[in-house]
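Asker: Protein chains in written order, with our numbering: chain A, 17 to 363; chain B, 706 to 1050.
Derived from the structure by calculation, the hints contain no laboratory data.
Quantities reported herein were computed from a predicted structural model and do not represent experimental measurements.
Glycine included, C-beta positions come from ideal geometry on N, C-alpha and C.
Keep in mind that a hint or two might mislead.
[Said to hold, decoys possible] In silico contact screen, one side only, chain A against chain B (beta carbon under 8 Å); selected entries: (1) Ile20; (2) Pro27; (3) Val29; (4) Gln30; (5) Asp64; (6) Ala67; (7) Leu70; (8) Ala71; (9) Ile75; (10) Gln79; (11) Pro225; (12) Ser229; (13) Leu231; (14) Ser236; (15) Glu239; (16) Glu256.
[Said to hold, decoys possible] Cut-off 30 Å, straight-line C-alpha distance, at most; resulting in silico cross-link-like pairs (DSSO-like, lysine-lysine): (17) B:Lys732 - B:Lys707; (18) A:Lys259 - A:Lys222; (19) B:Lys732 - A:Lys259; (20) B:Lys836 - B:Lys898; (21) B:Lys926 - B:Lys952; (22) B:Lys898 - B:Lys946; (23) A:Lys95 - A:Lys147; (24) B:Lys836 - B:Lys754; (25) B:Lys754 - A:Lys147; (26) B:Lys898 - B:Lys994; (27) B:Lys707 - A:Lys222; (28) B:Lys994 - B:Lys926; (29) B:Lys946 - A:Lys18; (30) B:Lys754 - A:Lys18; (31) A:Lys95 - B:Lys754; (32) B:Lys836 - B:Lys707; (33) A:Lys222 - A:Lys18; (34) B:Lys952 - B:Lys994; (35) A:Lys259 - B:Lys707; (36) B:Lys946 - B:Lys926; (37) B:Lys994 - B:Lys946; (38) B:Lys732 - B:Lys898; (39) B:Lys732 - A:Lys222; (40) A:Lys360 - A:Lys147.
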Amino acid sequence: MKIILATTGVPFVQGGASLMADWLGQTLRARGHHVELLEFPFDSRWEDLLAQMLAFRLIDVSQQGDILVAIRPPSYLLKHPNKVIWFIHHLRSAYDLWGTRYQDLPSSPEGLRLREAILRADNLAFAEARKIYCNSHVMAERLAAFNGVQAEVLYPPLFQPERFRGGEAGDYLLYVSRLTHHKRQWLAVEALRYTQTPVRLVLAGKPDPGGESYLQELRSLIERYRLSNRVVLMDRWIPEEDKIMLLAECLAVVYLPFNEDSYGYASLEACHAGKAILTTADAGGACELVLHGVNGIVLAPDPEALGAAMDRLYLDRAMAQRMGEAGRQRIAQLGISWDQVVEKLLS
Amino acid sequence: MKLAIVNNCVPFVAGGAEHLAEALTQKLREYGHEAVLIRIPFRWDPPTKIIESMLACRFLRLPNVDRVVALKFPAYLVPHSDQMLWLLHQFRQAYDLWGTPFQGLPDTPEGRRVRDVVLEADNRYLRQARKIYTNSQVTSDRLRHFNGIDSEVLLPPLADNSRFFCDGYGDYVVYLGRITASKRQQLAVEAMKYVTTEVRLVIAGQHETSADLAQIESLIKQHRLAHRVQLIPRFISEEEKITLLSKALACAYFPYDEDSYGYVTLEAYYSRKPVITCRDSGGICTMVKDQVTGLVVPPDPRSVAAAIDRLYLDRTAARRMGEAGLELLRSLQISWDRVIEAFTR
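Sequences are here, hints too, so could you generate the full structure?
Answerer: Pasting the structure below:
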C-alpha cells in the first residue's frame, strides 16, 4: 500500500507525535508498504494558528497514496478520500486547557472567535475522516465531549520495545521527560523533601525552547530544600542507550504530568523494563496504564503522600520488583502492539 | 546553527532535487549543525492549484529555526526572517518554458493570470532573501533575465563521490536518468540506427509514466535494435550505477534545456568517462567542454551516432576526455566544504 503519514512538530523538538509517526513509518516500511512521512512545521502561537490551519486545507495530497494517516493537529485538516486519524490531542488551549493556567489563547472576543474557528475546523476534519482512532481513553472521552465524535482507542506502542531491559534495582527514582512546567518535575522535588530514606531522584530531559526559567525554578527549588546531593538534574536530551541503562538500574519510575492525553512513552518504557511507576490520579492517560497497587502507585498530587510512597518503594524492594513484573503483563492485557496498530489503521 | 532545508515534494516521487535536499541536510549535520528537511507537497494541475500551493507556503510558519535554505518554488515562499536560497529552478512553466511545447500552463486568461501571480510573488519575495545561490549559470541567467535579481552560482556536489571508479572503456554507452520525454532517451535509441560500429547502448532508470516506457520499448522494437539497446527500466541502486559507469565507454545525456548540469555528468567524470550531450541540453553544456571532456552535438540522431562511433573507434580519446572531466571537477572546486560554508556564514 502507498501510505501518507502526516504530522506536525516544532523543528528540532522531539515530541511524542514525531516519534509515533517515525516509528509507524518504519514499522509499515518493514512490512513492505510504501510510506511518505510528512512532518510539517507548526508554531503554536495563537496569533498564527488560523493561517497555518488554512495552509493545511490548501496543501493537496488527495491524488496521492491509498490512505492518509494524520496524527498531530492540525495535520488532519489535510483532505484525502481515504483519511484515517490517529488522534493524540487537540489544540489544547481551545479545548481542555481553556480556563486553566495553561490556556494561551486570550479570553478576549478575538480569542473566543479563534476558539470557535478551531472547533469548527476540527469538526469538519473529523467528519471527513473514514475512521478516527485515538491514543487513550482520556482522548476518546474528550473527543466525545467536545466534538461528539466516537473514536476507538488504539494504544501507541514503543519501537523495538525488547530494547528495554530490567536490572538490579538501584537507589534512585527516575523521571525522564521534557523539562516543562506541566510535567511537574517540581512536584517530584517537593515530594523528595518529605522522604525519610536516602532515596535519590534523577530528572532527565531536554528543557523546552525558551524554558530556561523553568529550569532555573527547578534548580532553586533543589537548592532551597538542600537536596543537591539527592537530586541529579540532567537537563539535556538523553541518548536512547543511556536511557535504557538508567531505566534498567533504577528503583522505580516517576511520572507526574498534569492531565496528559496519553500514558506517555516514559511510563510504557517503565513497563517494558519491568519497573514500578509512581504517578498521580490527575496525570491523565498514565492512569490507564498504571493500576494502583498492581504495576505502580497512584496517589493524589500531594508532596507528602508522594514522599511516603517513594520511601515505601525504597524500603520494600520486593514490592517494587513485583509491581515492575506486573507492568509487563499490563502491556499484554491492553493489547499494545504494532500488529494491532497496523491491522486497525489499514483495515 | 539550526537550519531548516525547505523543499517541495510530490508524495512517492523522488528525483535529483530531493536527493540534493537530503544530501544537504545530512552534510550540515556532519559538519556539526542542526538541520531538518521540510518537504511541502506541491500540486500544479489544474493551474489554480499552483496559487493554492503558493498561499499554503505563505501561511506556514517555521518556529525554532535560525536559518532557512529553500530550494524550489513555491517552498521558498515560506516566510522566515533569515532565508537563503539554493535555487534549483523557478517555476519554469511560467518563465522559459512559456511559449514552448513544455509550457504546461494553458494559454488562457486563467493560465496567464496564474503566470502573472507567480511572477509577482517571485519579484516580491525572492528579493527578501538574504542571499540567493543557484545550482547553475543557466538558473542565474534566467533569474537575472526574467526578474532582474542577482545570484551566485554554487555548484552542487555529489552526496559521495569517493565510490566512483574507472574499470576500462567497454563497448557500451550508458544513459542514466528518469525515462521521460524531456530527457530524450528516444534520441539515443534513434541514434543507434545510424551507428556503424558494434557499440551498444544501455538505458537505465525509473520511468515517469508507463506511456514513457512504452514509447521507448516500441521504438527499440520498431527499429529492431533489441540486440544493441539494453533497457533497464527501474530504479537502479547506487552500486549498479557505479558498476555500469565504471565499465562504460562513455555517458550520454540529452535532456531538453535543463537548468542544472545534471548529477550524471559529475558521476561520469568521477568515473573518468566522457559525456556526450546536445547543444540544446541547457546547464549540462556549461560542464561539458566539446572535444575536451566530451562531445557536444546537434540534437539529431545522425550527429549523436557519429559522436558515439568516434569514441568507440578511439578509446584513447575517450580516456583522455574522461580524465580531463575529472580534472575539470577538481578545478571547479565542487565541494561540500564550500557549500556548508556558504549556508552557515
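Asker: Give a verdict on every hint.
Answerer: Here is how each hint holds up against the structure:
no.: 1; hint: Ile20; verdict: holds, 6 Å
no.: 2; hint: Pro27; verdict: holds, 5 Å
no.: 3; hint: Val29; verdict: holds, 7 Å
no.: 4; hint: Gln30; verdict: violated, 11 Å
no.: 5; hint: Asp64; verdict: holds, 5 Å
no.: 6; hint: Ala67; verdict: holds, 4 Å
no.: 7; hint: Leu70; verdict: holds, 5 Å
no.: 8; hint: Ala71; verdict: holds, 4 Å
no.: 9; hint: Ile75; verdict: holds, 5 Å
no.: 10; hint: Gln79; verdict: holds, 7 Å
no.: 11; hint: Pro225; verdict: holds, 5 Å
no.: 12; hint: Ser229; verdict: violated, 17 Å
no.: 13; hint: Leu231; verdict: violated, 17 Å
no.: 14; hint: Ser236; verdict: violated, 26 Å
no.: 15; hint: Glu239; verdict: violated, 29 Å
no.: 16; hint: Glu256; verdict: violated, 17 Å
no.: 17; hint: B:Lys732 - B:Lys707; verdict: holds, 13 Å
no.: 18; hint: A:Lys259 - A:Lys222; verdict: holds, 13 Å
no.: 19; hint: B:Lys732 - A:Lys259; verdict: holds, 27 Å
no.: 20; hint: B:Lys836 - B:Lys898; verdict: violated, 48 Å
no.: 21; hint: B:Lys926 - B:Lys952; verdict: holds, 26 Å
no.: 22; hint: B:Lys898 - B:Lys946; verdict: holds, 25 Å
no.: 23; hint: A:Lys95 - A:Lys147; verdict: holds, 14 Å
no.: 24; hint: B:Lys836 - B:Lys754; verdict: holds, 28 Å
no.: 25; hint: B:Lys754 - A:Lys147; verdict: holds, 27 Å
no.: 26; hint: B:Lys898 - B:Lys994; verdict: holds, 26 Å
no.: 27; hint: B:Lys707 - A:Lys222; verdict: holds, 16 Å
no.: 28; hint: B:Lys994 - B:Lys926; verdict: violated, 34 Å
no.: 29; hint: B:Lys946 - A:Lys18; verdict: holds, 26 Å
no.: 30; hint: B:Lys754 - A:Lys18; verdict: holds, 23 Å
no.: 31; hint: A:Lys95 - B:Lys754; verdict: holds, 14 Å
no.: 32; hint: B:Lys836 - B:Lys707; verdict: holds, 17 Å
no.: 33; hint: A:Lys222 - A:Lys18; verdict: violated, 35 Å
no.: 34; hint: B:Lys952 - B:Lys994; verdict: holds, 22 Å
no.: 35; hint: A:Lys259 - B:Lys707; verdict: holds, 25 Å
no.: 36; hint: B:Lys946 - B:Lys926; verdict: holds, 25 Å
no.: 37; hint: B:Lys994 - B:Lys946; verdict: holds, 24 Å
no.: 38; hint: B:Lys732 - B:Lys898; verdict: violated, 44 Å
no.: 39; hint: B:Lys732 - A:Lys222; verdict: holds, 25 Å
no.: 40; hint: A:Lys360 - A:Lys147; verdict: holds, 10 Å
Figure legend: structure checked against the earlier numbered hints; hints not met, in rising order: 4, 12, 13, 14, 15, 16, 20, 28, 33, 38.
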